[in-house]
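Based on the sequences and whatever the hints tell you, model everything.
Number of protein chains: 2
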Amino acid sequence: MASPEIDTLTQALSRLPGLGPRSARRAVLHLVKRRETALDPLLRALEAVAEKLATCSICGNVDTTDPCGICSDTRRDSRSICVVEEVADLWALDRSRLFPGRFHVLGGRLSALDGVRPEDLTIDALLRRIEAGGIDEIVLAMNATLEGQTTSHYIAERIEAFPVRVTQLAHGLPVGGELDYLDEGTLAQALRARRPVA
Amino acid sequence: MASPEIDTLTQALSRLPGLGPRSARRAVLHLVKRRETALDPLLRALEAVAEKLATCSICGNVDTTDPCGICSDTRRDSRSICVVEEVADLWALDRSRLFPGRFHVLGGRLSALDGVRPEDLTIDALLRRIEAGGIDEIVLAMNATLEGQTTSHYIAERIEAFPVRVTQLAHGLPVGGELDYLDEGTLAQALRARRPVA
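These protein sequences, in sequence, are chains A and B. Oh and the first sequence: position 79 is 126 in our numbering, straight run, nothing missing. Oh and the second sequence: position 83 is 130 in our numbering, straight run, nothing missing.
Bear in mind the hints are in silico, worked out from the structure with no lab data behind them. Hints may contain errors.
Identical copies carry no separate label here, and so any pair may be met within one copy or between two of them.
Unchecked claim - Each computed EDC-like pair below joins lysine to aspartate or glutamate, with the alpha-carbon atoms no more than 16 angstroms apart:
1) K99 with D54
2) K99 with D113
3) K99 with D87
4) K80 with E98
5) K80 with D120
6) K80 with D136
7) K99 with E83
8) K80 with E133
9) K80 with D227
10) K99 with D230
Following this line, the structure appears as structure tokens:
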């Protein structure tokens, strides 16, 4: 029954992560019933982002400026770079406000299964940033998966020759983690990396 | 850290039903990473709907044409009108494809608590549709709530004088409903409206 325009909008929304056909319909209904307060603002917001969308030529972040807000923020520590797999990881880390430096987005992880090789990631660009100088520390913040860690090791080896400190995120118990419920891999990591009680 | 444009888009999306701040962020990330396949299509779909959005002057449905697709569909039975509280109810009933007639959206329900009086709903417009003739049956499809049923009774009384059949949706056990889990109100309705086994 719905008009083709409304159908198309429902379909476009239902492809967003977290929205299925049912919730997309509810969202469309919400939008069409609230033109001034919901539909128009969303439309203007999308237009603004679509108009300016850019991939940062330095770090690979997606933003509305190039260089991105992080790379052009002079209050941030330009001497340390946190290397992540995806833009999503960059956003997650940045949201935590725990890392004061810059980032580098690899655009994926090495994967024999998916045929992702080093040249498919932005590893060379990372090496060029290090070569250009002014970098003290590279923080490898790959996912704690087999592929993430393989990528981490590979990059660590490639960086070895440069006079920078290479670190990686600690692995162990997550905050609030109960031993009883944790997988053996995490327990093994936590045990292996145990530290003296302060 | 995110640019103001991206922040604004995240906020606009997070106001949709079913999306919180977290899933809105994920949706934005999805959009900005897939410009051609996600962001642009959604933008065009929103534009198309925003451009044509209209409230049907006959039934109150929201659509991209006036009269709406249902009121202008000559294959539908124009002799029966299903009266609903909200556009959402119309869409839900229409999706089921079980009702072949037209609709009438009241725009709410009578509510002493919220100060909604008969003149705040489109009851007069419904009476004019009936007065205009050519209507055999009015199906009252209000919600099975106290306010919905009050509205239903009120409208039934107002229609009494017209030569139309007035019906309402059956109340009873929902499909798959287990007696053990149903509320007393539903059980009482089901018992009161019990029917001879065919």
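Here is how each hint holds up against the structure:
no.: 1; hint: K99 with D54; result: between (28 angstroms within a copy, 13 angstroms between copies)
no.: 2; hint: K99 with D113; result: within (9 angstroms within a copy, 35 angstroms between copies)
no.: 3; hint: K99 with D87; result: between (19 angstroms within a copy, 13 angstroms between copies)
no.: 4; hint: K80 with E98; result: between (26 angstroms within a copy, 14 angstroms between copies)
no.: 5; hint: K80 with D120; result: neither (40 angstroms within a copy, 22 angstroms between copies)
no.: 6; hint: K80 with D136; result: between (36 angstroms within a copy, 13 angstroms between copies)
no.: 7; hint: K99 with E83; result: between (24 angstroms within a copy, 14 angstroms between copies)
no.: 8; hint: K80 with E133; result: between (37 angstroms within a copy, 10 angstroms between copies)
no.: 9; hint: K80 with D227; result: neither (49 angstroms within a copy, 38 angstroms between copies)
no.: 10; hint: K99 with D230; result: neither (44 angstroms within a copy, 54 angstroms between copies)
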